[in-house]
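Whenever a hint applies, use it, and build me the whole structure from the sequences.
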Amino acid sequence: MAKTIFEKIWEGHVIAEREDGQALLYIDRHLTHEVTSPVAFEELREKSRKVRRPDLTFAVMDHNVPTTDRSHPVTDELSAAQMRALARNAAEHGITLFDYHSPWQGIVHVIGPELGLTLPGITLVCGDSHTSTHGALGALAFGIGTSEGEHVFATQTIWLKRPKKMEIRLEGNLQRGVSAKDVILYVIKHLGTGGMIGHVVEFTGELTRRLSVESRMTLCNMSIEGGARTAIIEPDEKVFRYLRGAPYAPDGEEWEEAVKYWSSLKTDSSAEYDARYVFDASRIEPQVSWGINPAMTTGITGEVPSPEDYDDRAQRLLVERALSYMGLRPGTKITEIPIDVVFIGSCTNARLSDLIDAARIVKGRRVKQGVRAMVVPGSMLIKRRAERIGLHRIFIEAGFEWRYPGCSMCIAMNPDRLRPGERCASTSNRNFENRQGPGGRTHLVSPAMAAAAAIEGRFIDVREIEPADLCEIEHNARLEEPWR
Amino acid sequence: MPEPIRVIHGKAAPLEADDVDTDQIIPAEFLKIIEKKGLGKYLFYRWRYNEDGSKKPGFILDEPEFRDASILIAGKNFGIGSSRENAVWALMDFGIKSVIASSFGDIFYVNASKNGLLCIRLPQEKVRNLRELARGGRLYLTIDLSEQTITISTGESIRFEIEQHIKERLVKGLDDISITLSLYDDEIKKFEEKMPSFLIPKPKRFIIE
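Note that the protein sequences, when read in sequence, are chains A and B.
By our numbering, the letter at position 125 of the first sequence is numbered 125, and the numbering carries on one by one without gaps.
By our numbering, the letter at position 38 of the second sequence is numbered 522, and the numbering carries on one by one without gaps.
It is possible that some hints are incorrect.
What the hints assert, rightly or not - Calculated cross-link-like contacts (lysine-lysine; reagent style DSSO-like; alpha-carbon spacing at most 30 Å):
(1) A:189 <-> A:238
(2) B:686 <-> A:238
(3) A:189 <-> A:333
(4) A:47 <-> B:673
These are calculated hints, taken from the structure and not from any lab test.
Because the structure is a prediction, the values reported are computed rather than measured.
This is how it looks when you write it as structure tokens:
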């Protein structure tokens, strides 16, 4: 029977299947961080259980690390305690830890792929919903809760109901200034926050194949905002080049063997899906979210909707609540919305290519007076690579803060947060109420759109801005083969 | 290990909102607490409290007639977003034993099942009706998990579907890890023996970035 890539990986990892459709799946990689792991480790300790495969388990501090100079101690006592707990737990169980001071520290979903911990064809879990990111390399990756994490620690397996299959085919050429972030916001707007619930989403089509590995990560990352169980993309040459030479990727003969296997991970041409959507991406304009969930999004030439536009009573109430929280009036043009803060960062958009996208807009320009703008690279490695090619200077000269890596203002568990009422153009993934700080107002945008908003002090169609020529920087960035 | 559940009897409270994400159920700042217990006071924190810590009026679960509610009737897509299991712990610590909605975020639904919070999916129309009935603060429901029925104080009974493995685990209060290890340890070992060597991470000592 014809199968999708998801089915091939799934079936290759099933240890047992019960009549009710629950499968016990072997897990090849378990990534963990300081926030969702302490209770799981505590429960293991209470029951005198060990981590079964510390060699397949990796820990990193990312959610509440400060993004200022690492020479200072962490002053938030609760954050420091969580970080200490992770260090203690990792040491106790023999797990590799990328701590606050590690040269490879970074956001878990950024460092997994960049260090070669994430590989095509593997099963991967992490106690974080944005684990879907790793699907961009052809891994089957699930965000899980703390109890499930404990189960994986103890057994290296997880019980899962087999998800349904959804194909999202992306066709057409992107307009200049439009990125994967705009595509995924557009898709979520059309399918809704619950549109992908219960499904593994496979991104296919011409455009998906043309996108860089890092752009594919942005797509897969935000599929969770459409409710997807996870997302996946067939691995190709681009993925292999991205991984080759990475610290934890196989090498020598094992590399050859791995590539041979990875090259076989394709969806059969006659494979079937439970749901299929096709999007013509050439029609997508830069997107800006206006509300309190990622589906509440419109194009840059659009305007804030009115509750009256919605037939459903619950929807109307939600839109009313959104407009009240966001301090927006129906009919306001998106380009008339002024912003106070710009955040370029997060597991959605803090990779080197994202920073280059933003830098093209920023170079030679200044952040608007009164706007607070920051760049938080996704990892120490990205920070160093950016500094090596001079990218940081473009941001600093324009008036951006150039920070250390972490989840930062995407989740506001560290000191980086909005003040009540502040309005932020953010490259992160969630515009939920209070997400970036109590009372903070989030507009989700691409890195280029965030950069443009920083310059103008309001949203502006990035297609109208002539981007700087960064050919040399881009060449030196070795985006496609970071480890060659 | 969760307590076994057979019958939940309690007052229902209507939560008139779709797309309630786990950031709303418990904000990120409270995820720094390393314990499951005591999170109830942070449940729906931003909906219930002002920035200065004073109480906001009007939140349904703080209304006198709903303070003892143990069943929440929500909208659609309840528990979407972040994977934080703290959302389940906060609901349970607050005294909520069951959430009824037309759909749930996938991760939240699984997390709930691991902790003994009974999530019940019903068709949108039925959920809406229950929410209407619950408005007055006098709707008591009896949820019989074994029978898969919800009985309303008036006597009407609604049947619901639930995954058999979740039902079994909740009814018996079973510990997942013990089940897996007692039944499947040999299979796991066999699987591990067959894993190709390239799957095992071998960090390289010298890396030129």
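(request) Verify the proposed pairing of residue 686 of chain B with residue 238 of chain A, using a straight-line Cα cut of 30 Å. (result) holds, 22 Å
(message) Would the hint linking residue 47 of chain A and residue 673 of chain B be met if the CA-CA limit is 30 Å?
(response) Answer holds: residue 47 of chain A to residue 673 of chain B is near 21 Å, not above 30 Å.
(message) Hint check: residue 189 of chain A vs residue 238 of chain A, CA-CA at most 30 Å. Holds or violated?
(response) holds, 29 Å
(request) For the pair we were handed, residue 189 of chain A and residue 333 of chain A, check the Cα-Cα distance against 30 Å. (result) Holds: residue 189 of chain A and residue 333 of chain A sit about 18 Å apart, inside 30 Å.
No hint from the list above goes unmet by this structure.
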